[in-house]
Amino acid sequence: MNFIGFDNYRKMFNDPIFFKALFNHMYVFVLNTVILFILSISLAILLSRKVLKERNFYRILFFFPSAVPMIIISVMWRSIYNPSIGVLNGLLGLFGLSGKVWLGDIDLVKNAVIAVMVWQALGFYMVLFMAAVMNIPDTLFEAARLDGASEIRQTFKITIPLIWEVVRTSLVFFIITSCGVGFQVVYVLTEGGPDRASELLTTYMYQQAFKLNKFGYGATVSAAILVVTMVLALIILKATEREVYEY
Amino acid sequence: MGNLHYSFLMKLVLRIGLIILTLIIIIPFLYILMNSFKTTAEFYADIWSIPTKIDLTNYSMALNKTQLHAYAINTVFIVSISVFLNLSMASMISYVITRMGLKRSKTLYKYFLIGLLVPHIIAVLPLFMLARVIGLYNSRAILIIAYSVFSLPFGVFVLTAFFKTLPSELEQSAKIDGAGYLATFLRIILPLAKPGLITIGVFNFLDYWNEYILPLTLIVDERKKTVSMAILQLQVAQSVKQEWGALFAACIMVILPVLVVYGIFQRNLTEGLTAGSLKG
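First to last, the protein sequences are chains A and B. Each residue of the first sequence is one higher than the one before, counting from 1 in the working numbering. Each residue of the second sequence is one higher than the one before, counting from 248 in the working numbering.
Any given hint might turn out to be false.
[Claimed, not checked] Cross-link-like lysine-lysine pairs, in silico, DSS-like; alpha carbons within 27 Å at most:
#1 A/53 with B/258
#2 A/157 with B/353
#3 B/471 with A/214
#4 B/411 with B/357
#5 A/211 with B/411
#6 B/488 with A/211
#7 B/488 with A/100
#8 A/238 with B/353
#9 B/422 with B/441
#10 B/471 with A/211
#11 A/238 with B/357
#12 B/353 with B/488
#13 A/20 with A/157
#14 B/471 with B/312
#15 A/214 with A/20
#16 B/441 with B/357
It is worth saying that the hints were derived from the structure and are not from the lab.
The following block holds chain B by itself, in its conformation from the complex (with noise of 0.2 Å):
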């Protein structure tokens, strides 16, 4: 849109209006901030109150009371595999959807856009019952499954329309100089689908870093579980005691590289929302 001659006026509303919400935003996070360096009795006295000093003590307790620390690391191997995963499957599949001239590749791509329509949540049940049934029970090869599979439609959704866009004389010219399907896909296809192999990436590691419906249902096992599954534990001690200090240090931390991510990649995730998927 060109550039709009608005009055003075127009724009002190806009921006009073603006500045509102972003307090609605950012104030939320600012007082777990602020709070999670408080002493009970600190925080009891005073919620609005910015704190005398930095003090530790709540987060050494998070650390702790949940080891915490053992839950990331624990979240971290499991999102990376199935961040792994999914981006394999997901762009072979489209690869062969748009390339390999298959008769029913149309299908293909169909049957895997029906998995876009389906609440995630109604295939909890279904999937807690299979894994007892497979002996994936608690373990964190059904979490990684779930994971890989459940992206699959937007991963593929987005790739197929993205290699829909490449020019098909690059594989020719490959095939010309011998390259095989597969050596044409790894060399030749995949460096080009970087940036949307990352978005694609990122969205999935937030999706996976962030949810907690699969863990809460499929693992019983502490060590396996997630750190949502962490805040949700001190979510519950905090509603006996009454002590926020810990669950609010333990947010701070679980929230850190979510911003340091977001911070990044924040330029994929806004552009590449809108490149691939909806342009398709």
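Same shape as in the complex, but just chain A (with noise of 0.2 Å):
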């Protein structure tokens, strides 16, 4: 082994498909965790409430995904990608739309990929949200609608200030293992194609490292990795920053 210095990190400041890789895993990874966090919040607050005998089916239902092998959940969204055999393509077509090729499309291919990522996570946090939302106590919920609160008041002003320490733990969380999910879904999916549109840091770094043996790059990949990880993890507990209320 000898030391090259600084070396590869040069290379990579200079490495083109470094910056898409880098440019398409901050698109994947912020697009990801708005859309799941905004769906999972959203039905976790539905289903808390006891508005529908039939919550606990769906809480089962929504989380069997994120108990499935990765790689099963990749095969099985390839194949529902697939343009001629593809179910969505076909339910397109019921309704007289054209299909696409989703997964060779520069446009569409990193929203088909998020698209199975928030379909893997979705049931995981919304059953983390409404353990969370259910722990409030009725009482101020109780308190609140004498006060003549509306529903959606008493969303916003109760619910969501007293789980917001739950979620912004869980957001940190999924930022950081959400990336070995990314690259599982795109190492099936795509292997980063078409021409890198889907290429995220990671597998970028798996290419480099262990298809051309260049580990001491792959190395250089991976640090760049941990860096972006917990720059998003730093910058998303700053900005959820929040006065914390006790219950």
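Relying on the hints, combine the two individually framed chains into one complex.
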């Protein structure tokens, strides 16, 4: 082993593909996080209210994808996105819409990857937030109702502030775990293609290190992944900082 | 939250939304289940058709082509040892952190927590290098070590939170009865921690059974690979020959154990998720 100082870092900062992967990485993770958390928090709040008798059914069902092997989820969605035999184009056809080459289209492929990631994690975070919402004492809502606060007002003034700390913890946890999930989805779905439109930092690292045997450069990209993840986590923690309410 | 008086219309809108979501969750599974029973010709004729008869050719093809059962046995072996090792280590470490009164127990706890902040995927490359240096590359041992150690932070996190809630009188009375640290730990603490251990165990089982980055990078020998790698192999074959049947059949067979475990332990998963991990 010989040390080459910062050569790999110099190479990385002059590598257009690295920057493309960095951009895709940020795009996928930011959009995925925003969509996933808005959806799962809204679902959790809706299902936590005892209006629907069958809510336990939804809880069990929506959680299931997060227990399924990533490889199977990726294979499943690869067939769903398939232009000729896929369910998605089939469904669009039923409504008279023309199908698309979901994974072969530079503009669509990243969103296709995000859809799979949201689909996979939605139930997990929904269940997490449902438990947090149901931990809030009923008396708070009763008091609010007596004071004439509407449902929506209760949601924004009581529910969301009181689950906020759980949401923040989950955000950081999600940013860290979804690195691996992103890799496992893209590796099967597209291998980073077409024309590296869905290349993430993780898949780029894998390609450099394990396909091209450039272990040094792979390690440099690994370091970049760590930095990007930590920076994202810090930004999220700072941006979501609120006064903590206790009950 | 209390019972709310929703209007009939609101409930209807809510239900329709949830049913659409249910379909989005279920359809992918139904799709591969349905098409795993069809011949290639039948499949290409109409992906929506319900299979006319339960044809198991795809299943036997998947088993013969990849020796999926051999992968499954190997995976069960690796997963069960990893789960056992992880639970033993996590419970002992958590016990030491909460109960031994060490000066640096807070530091020790933080040391393990840092592990929660590192994306596992960046550890893959160093692990690969390390495995080659210590001669464990392409061995089941490296998978077992990596799995059981990678999920230690989670286990320690949940179990220390749990041990803290146990009253210390239990151990004091055990001490008076003449039980040492080990006996107290094995006979008193562990049985009490059973719900937590089951939750962590099930989470880990699913994690190890589902994960494929480590076998992808650390194992070359087919006999030592896990079920996910068998699927990957079929998926590569599929992209060459455009035959989806065997791939779908293999997917169904790999999901089955997950479905069984999920069915039995679903409560431990969804409730354990919050019991220890968030209110710690």
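Here is how each hint holds up against the structure:
Straight-line distance between C-alpha atoms of residue 53 of chain A and residue 258 of chain B comes to about 11 Å, which keeps the hinted pair within the 27 Å bound. About 36 Å separates the Cα atoms of residue 157 of chain A and residue 353 of chain B, which puts this hinted pair outside 27 Å; it is violated. Taking the CA atoms of residue 471 of chain B and residue 214 of chain A, the gap is near 25 Å; set against the 27 Å cutoff, the hint holds. Between residue 411 of chain B and residue 357 of chain B, the direct Cα distance comes to roughly 16 Å. Compliance with the 27 Å bound is thereby established for this hinted pair.
Taking the CA atoms of residue 211 of chain A and residue 411 of chain B, the gap is near 47 Å; set against the 27 Å cutoff, the hint is violated. In summary, the hint linking residue 488 of chain B to residue 211 of chain A is supported, as the alpha carbons are separated by about 23 Å, within the 27 Å threshold. Between residue 488 of chain B and residue 100 of chain A the alpha-carbon distance is near 22 Å, which keeps this suggested pair within the 27 Å criterion. Restraint check for residue 238 of chain A and residue 353 of chain B: satisfied, since their Cα atoms lie roughly 25 Å apart, inside the 27 Å limit.
A hinted pair counts as satisfied when its Cα atoms are at most 27 Å apart, and residue 422 of chain B with residue 441 of chain B qualifies at roughly 21 Å. Pair hint residue 471 of chain B plus residue 211 of chain A holds up; C-alpha atoms about 20 Å apart against a cutoff of 27 Å. Annotation: proposed proximity of residue 238 of chain A to residue 357 of chain B holds, straight-line Cα distance about 21 Å (limit 27 Å). At most 27 Å may separate the alpha-carbon atoms for a hinted pair to count; residue 353 of chain B and residue 488 of chain B exceed this at roughly 57 Å.
Proximity of residue 20 of chain A to residue 157 of chain A is assessed by CA-CA distance (about 41 Å); at most 27 Å being required, the pair is judged violated. For the hint pairing residue 471 of chain B with residue 312 of chain B, the CA-to-CA distance comes to about 17 Å; that is within 27 Å, so the pair holds. A distance of roughly 19 Å separates the Cα atoms of residue 214 of chain A and residue 20 of chain A; the hinted pair therefore holds under the 27 Å criterion. A distance of roughly 24 Å separates the Cα atoms of residue 441 of chain B and residue 357 of chain B; the hinted pair therefore holds under the 27 Å criterion.
The structure fails hints 2, 5, 12, 13 (numbered hints given earlier, in ascending order).
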